[in-house]
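Residues per chain, in single letters:
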Amino acid sequence: MMMYVLFGYFATVSILSGIFTIALKNPVHCGLSLLSLLLHVAGLFVLLNAEFLFAVQIIVYAGAILVLYLFVLMLLSLKTEEQYLHKKYPFFLFAGVAILGELLILVFQTPYGGAKGTATPEIVLQTGPSHAVGITMFSDYLLLFEIVGVFLLGAIIGAIVLAKTPTGPVPEPTGQRK
Amino acid sequence: MIPLSAYVALSAILFMTGLLGVLIRRNFIIVLMSVEIMLNAANINLVAFSHYLSSMAGQMAALFVIAIAAGEAAVGLAIIIVVFRGKIATNVDQINLLKW
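Line order of the protein sequences matches chains L and H.
0 is the number of the first residue of the first sequence in numbering that gives the first Met the number 0; add one for each residue after it.
0 is the number of the first residue of the second sequence in numbering that gives the first Met the number 0; add one for each residue after it.
No wet-lab data here; the hints were simulated from the structure.
Possibly wrong hints are sitting among the right ones.
Under the rule of at most 25 Å between Cα atoms (straight-line distance), these lysine to any residue pairs were calculated in the SDA-like manner [to be verified]:
hint, chain 1, residue 1, chain 2, residue 2
1, L, Lys-24, H, Lys-98
2, H, Lys-98, H, Met-0
3, L, Lys-86, H, Ala-68
4, L, Lys-86, H, Gln-93
5, H, Lys-98, L, His-85
6, L, Lys-78, H, Pro-2
7, L, Lys-78, H, Gly-85
8, L, Lys-78, H, Leu-96
9, L, Lys-163, L, Ser-76
10, L, Lys-163, H, Met-37
11, L, Lys-163, H, Val-81
12, L, Lys-87, L, Ile-18
13, L, Lys-86, L, Phe-70
14, L, Lys-163, H, Leu-31
15, L, Lys-24, H, Ala-88
16, L, Lys-86, L, Ala-97
17, L, Lys-24, H, Leu-97
18, L, Lys-87, H, Leu-97
19, L, Lys-78, H, Ala-60
20, L, Lys-163, H, Leu-22
21, L, Lys-163, H, Ile-12
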């Protein structure tokens, strides 16, 4: 019973925060509702017995990525514009809601099944969730782990090179096609 | 026991919210935030299947998705800073330097 109440709370609040994130006018408010979405998705991870992912979600997403977004928002101090949606947004809204309805029909009609694995909650709880994640990550997924490390290094270098203050003569801005 | 379809439906709703955000918003930081919503929806899906099939594979994929999201946010925000500093544009529909 408690599970249903918690799931209902987390699901409702995360959907509402998602809608607020794309519907609010002020970008900082959008960032704050994204924070609420991330925290409630982390709560869903606890319901799904993924405690390690819960911690990672809070530390990396809510702690690092979202702060980066808010930092850039405040750095740029974008003005809140009157027209913050595209002109043709009712068309996209209609198409999105129609596709969503079709998706939901398909989701509830699908018979879910498949071969069960070995990591049942009892086995995982014998050593703890972090232990299970660590053992899996450094045995079966070691190559992927290394590739992600190289990817993150490339992303850091790319971000530094892009955002570096230009020292030479600043090129004239040429864009702004009318 | 909450049915698996409830989690998948929640994931579908969140994914469509993020997709709509990418399609209808003009501010490019909000567009990146909508991409984060979509990645989170995919994460819910992966973790739900991982739980209901008693396998660690879904959680691993979700961890890698989080790592990729961090890299994407860093590079995307760097591009946004460059675009904003060059006074090229403030909205996504005005960025057309690569169009010919």
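I'd like to know which numbered hints this structure contradicts. Please list them from smallest to largest.
1, 2, 3, 6, 10, 13, 17, 19, 20 and 21
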